[in-house]
Amino acid sequence: MAEFVRLEVTDGVGTIRLDRPKMNALDAQVQTELLEAAREADRRDDVAAVVVWGGERVFAAGADVKEMADMGYPEMFRHAHLLQEFTRAIAAIGKPTVSAITGFALGGGLELALATDLRFCADNAKLGQPEILLGIIPGAGGTQRLARLIGPAKAKDLIYTGRFVAADEALALGLVDEVLPADQVLDRAVQWASQFVGGPAIALRTAKDVIDKGLEVDLQTGLEIERAGFTGLFATQDQTDGMASFVAHGPGKATFTGS
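In this text, residue positions in the sequence shown follow this note's numbering: the first is 261, and each later residue adds one.
Okay, derived cross-link-like pairs now, BS3-like style, lysine-lysine, Cα gap no bigger than 27 Å in a straight line:
(1) K473 x K414
(2) K282 x K326
(3) K416 x K473
(4) K468 x K414
(5) K468 x K513
(6) K326 x K416
Cβ pair distances, simulated, as ranges:
(7) T481 x M503: 26 to 36 Å
(8) G492 x I396: 36 to 46 Å
(9) D305 x E335: 37 to 47 Å
(10) K414 x A508: 44 to 54 Å
Source of the hints: derived by calculation from the structure; they are not laboratory data. Yeah, the Cβ is synthetic: ideal placement off N, Cα and C, and Gly gets one too.
Given only the sequences and the hints, what does the whole structure look like? Please build it.
Right under this line is the structure:
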């Protein structure tokens with residue numbers, strides 16, 4: 261069993277819970293456990309959506325600097341694959357995902373949050389990519405996902421300076437999607453995730469896949485990706501049931517089976 265990361269499933273919502281006191285430092289073990297939890301959440305039929313949460317005090321304060329400090333190039337060349345793989349695994353969960361951020365989300369912690377679809381944060385949260393202060397740059401997706409989310413100029417400012425961003429500025433930047441009192445963040449994230457329980461799972465997975473792949477290509481290629489995804493859904497039972505329900509009863513009354 262995993263020591264620091266667990267997947268807890270309640271009423272169709274999976275919560276990936278980090279629990280490595282005091283600051284949820286992301287060493288190689290935690291990264292591996294996050295990767296495994298993400299893959300489990302992706303494959304489980306009883307998980308409709310996923311919340312990533314670090315607890316009431318802190319989301320994750322970054323990679324374990326003590327672990328990395330003595331690594332030379334050969335060691336980091338091998339380790340860097342894992343450093344990116346755990347955030348790729350979170351991003352690859354084919355279901356709606358949201359980070360519930362309390363306290364610090366710094367360095368690898370912010371990169372973890374960037375790998376989810378949305379981010380809800382506490383009004384006292386602090387976010388940032390302070391790697392430059394260690395003489396390095398983000399290595400778990402920060403330079404790429406941050407720039408795609410808030411634009412290259414704003415991303416460069418945060419990465420160049422390594423400064424911490426308070427919740428209100430994070431919201432203004434588009435770095436987070438909602439700011440709430442700290443004791444409401446997890447409940448709000450679970451509430452958001454719960455709306456997808458009983459939803460059209462294949463359509464949701466397709467929507468996420470098409471959006472994410474489309475961001476990596478030019479518009480015309482993206483439109484072709486969309487067309488293929490849209491057309492493919494006409495092979496699903498959910499499409500048949502959804503449209504039949506709409507014709508008979510109007511919108512929003514369909515019952516889906518995820519098939």
